[in-house]
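K.L.:
Each chain is listed here by its residues.
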Amino acid sequence: MTPLLDVRSLTKTYGSRTGCADVSFTLYPGEVMGIVGESGSGKSTLLNCLAGHLEPDRGEVFFDTRTDGPRDTLRMSEPERRMLGRTDWAFVHQNPRDGLRMRISAGGNVGERLMAVGARHYAEIRTAAEDWLDRVEISTNRIDDRPAAFSGGMQQRLQIARNLVTGPRLVFMDEPTGGLDVSVQARLLDLLRGLVRRMGLSAIVVTHDLAVVRLLADRLMVMKDGHVVETGLTDQVLDDPQHGYTQLLVSSVLQV
Amino acid sequence: MTDYNFAYLDEQTKRMIRRALLKGVAIPGYQVPFASREMPMPYGWGTGGVQVSAACLTPDDRFKVIDQGADDTTNAVSIRKFFEKTAGVAVTEKTSEATVIQTRHRIPETLLGEEQILVYQVPIPEPLRFLEPRETETRKMHALEEYGLMHVKLYEDIARHGEIATAYAYPVKVEERYVMDPSPIPKFDNPKLESAALQLFGAGREQRIYAVPPYTRVVSLDFDDHPFDPSKADHPCALCGAEDSYLDEVIVDDTGGRMFVCSDTDFCAGRREDAA
Chain A
3 MTPLLDVRSL
13 TKTYGSRTGC
23 ADVSFTLYPG
33 EVMGIVGESG
43 SGKSTLLNCL
53 AGHLEPDRGE
63 VFFDTRTDGP
73 RDTLRMSEPE
83 RRMLGRTDWA
93 FVHQNPRDGL
103 RMRISAGGNV
113 GERLMAVGAR
123 HYAEIRTAAE
133 DWLDRVEIST
143 NRIDDRPAAF
153 SGGMQQRLQI
163 ARNLVTGPRL
173 VFMDEPTGGL
183 DVSVQARLLD
193 LLRGLVRRMG
203 LSAIVVTHDL
213 AVVRLLADRL
223 MVMKDGHVVE
233 TGLTDQVLDD
243 PQHGYTQLLV
253 SSVLQV
Chain B
14 MTDYNFAYLD
24 EQTKRMIRRA
34 LLKGVAIPGY
44 QVPFASREMP
54 MPYGWGTGGV
64 QVSAACLTPD
74 DRFKVIDQGA
84 DDTTNAVSIR
94 KFFEKTAGVA
104 VTEKTSEATV
114 IQTRHRIPET
124 LLGEEQILVY
134 QVPIPEPLRF
144 LEPRETETRK
154 MHALEEYGLM
164 HVKLYEDIAR
174 HGEIATAYAY
184 PVKVEERYVM
194 DPSPIPKFDN
204 PKLESAALQL
214 FGAGREQRIY
224 AVPPYTRVVS
234 LDFDDHPFDP
244 SKADHPCALC
254 GAEDSYLDEV
264 IVDDTGGRMF
274 VCSDTDFCAG
284 RREDAA
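One line per chain: the protein sequences are A and B, in this order. Residues in the first sequence are numbered consecutively from 3, following the numbering used here. Residues in the second sequence are numbered consecutively from 14, following the numbering used here.
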């Protein structure tokens with residue numbers, strides 16, 4: 003089976019400081035990979051490099067494209083990469099304000115990706131938007147409201163709908179539950195898990211919250227100071243951490 | 014008048030503007046940056062149009078200026094006088110007799126011919142400006158032909174008003190490539206952008222020039238189920254009775270009285286002369 007994403011020794015430095023160093027992994031279709039680590043460990047740098055938002059210094063990122071098979075996205079032309087960015091890829095930002103257009107209605111936000119790939123039929127765009135609002139549990143009578151009128155949890159769900167509307171195969175998530183209170187977090191995780199399973203999505207989830215990866219991720223990668231210190235199945239890594247830092251991380255979780 | 018070079022600008026500046034114009038004509042709808050000069054008028058009064066006109070005028074030209082369709086408004090009178098003084102060219106109010114027409118916010122009702130040049134004054138040349146504020150990003154979007162966002166604006170119009178409520182500066186796609194802001198002309202004028210005349214657009218403050226060469230395809234953006242509609246006020250002109258011209262609504266008293274008259278004064282006067 004061809005991996006959906008094949009990352010080889012990806013390195014990004016900021017001057018003399020290390021963003022992430024020599025990261026390699028593969029992601030297979032339908033798999034969810036969690037990346038955990040403390041603030042400044044290079045998780046977000048890695049995610050942004052993978053999604054094409056940052057240019058890494060070294061390394062290769064092979065993505066299994068629909069038409070041409072595995073291709074190195076870092077050596078693609080920019081139009082091709084941006085096309086991937088709005089069709090096969092999705093990026094869920096930690097802060098929904100970064101991923102949404104706050105002055106455009108919820109329907110317009112969901113429809114934007116459709117229109118970006120050529121949808122020109124208003125009624126069809128609207129039907130698709132309604133369908134997706136419904137799937138992320140936002141009442142369809144809020145379709146013409148602006149995201150500014152939504153609660154934090156709704157904004158995050160709207161961002162997810164807006165990203166998934168073109169049926170991507172790979173979703174990048176940067177702290178999808180950050181800044182939400184626990185009950186809203188639980189609902190969002192439940193929703194995400196359902197969507198990922200039903201659509202057979204592959205996802206890379208960056209978070210510092212171990213509970214999130216426990217629920218969502220099949221595999222786990224632990225990062226510290228830009229390096230991957232431990233990888234493995236999620237339950238294996240969390241229940242039997244081998245590396246000293248992972249042990250520290252797991253034991254730092256507060257028990258209620 | 015010997016204190017000024019012909020048409021105010023020096024010859025080097027006119028060459029620079031002509032180079033930008035040629036590039037604009039070669040790439041219809043593409044915004045060409047140019048080194049806009051300080052003109053003896055404030056930004057927003059047509060400094061871009063004036064510079065383009067200055068670069069196009071020859072001593073044999075017959076010049077016409079309209080402002081919202083009218084020949085007798087402040088802006089039109091001032092710019093006409095400016096070129097009478099600095100270029101000594103003949104001026105006219107008759108659309109059919111003019112060789113160069115500078116316009117603000119209208120296209121004349123009278124069909125233009127191949128020997129005519131229409132110069133537009135443009136306040137904001139970037140159609141994506143209010144959707145994407147970063148100029149670096151909008152340039153990239155033009156380069157990569159990523160125009161989905163333009164339709165998001167039209168989507169919002171329909172969602173909020175039930176129809177595409179954009180009534181002026183209605184975005185168009187030129188020669189199936191660049192999305193262009195046709196300057197704030199009413200959308201009623203959009204079909205007239207496909208013309209036999211050369212159309213040049215100058216934005217002074219924004220330092221951009223673009224062009225629509227004769228017989229270029231210009232399509233107004235729309236949705237399949239909400240097609241483009243070049244609407245106008247549903248009245249005949251109160252002065253000349255024309256039913257196919259763009260109308261201004263004029264308040265005539267403070268008890269709600271109003272009349273609709275042609276915005277193109279030359280067109281209206283011509284019809285009244287013919288009738289008399």
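Hint data in this document are derived by calculation from the structure and do not stem from the laboratory. There could be a bad hint or two in this list.
If the Cβ cut is set under 10 Å, some of the chain B residues that face chain A in the computed set are [unchecked claim]: (1) Leu144; (2) Arg147; (3) Gly161; (4) Val165; (5) Tyr228; (6) Val231; (7) Val263.
In this text the structure is predicted, and so the values were computed from the model without any measurement. Backbone N, C-alpha and C fix where the C-beta goes; we use that ideal spot for every residue, glycine too.
K.L.:
If any of the earlier hints don't hold here, list their numbers in rising order.
P.N.:
Going through the list in order, the structure violates hints 2, 5, 6, 7 and respects the others.
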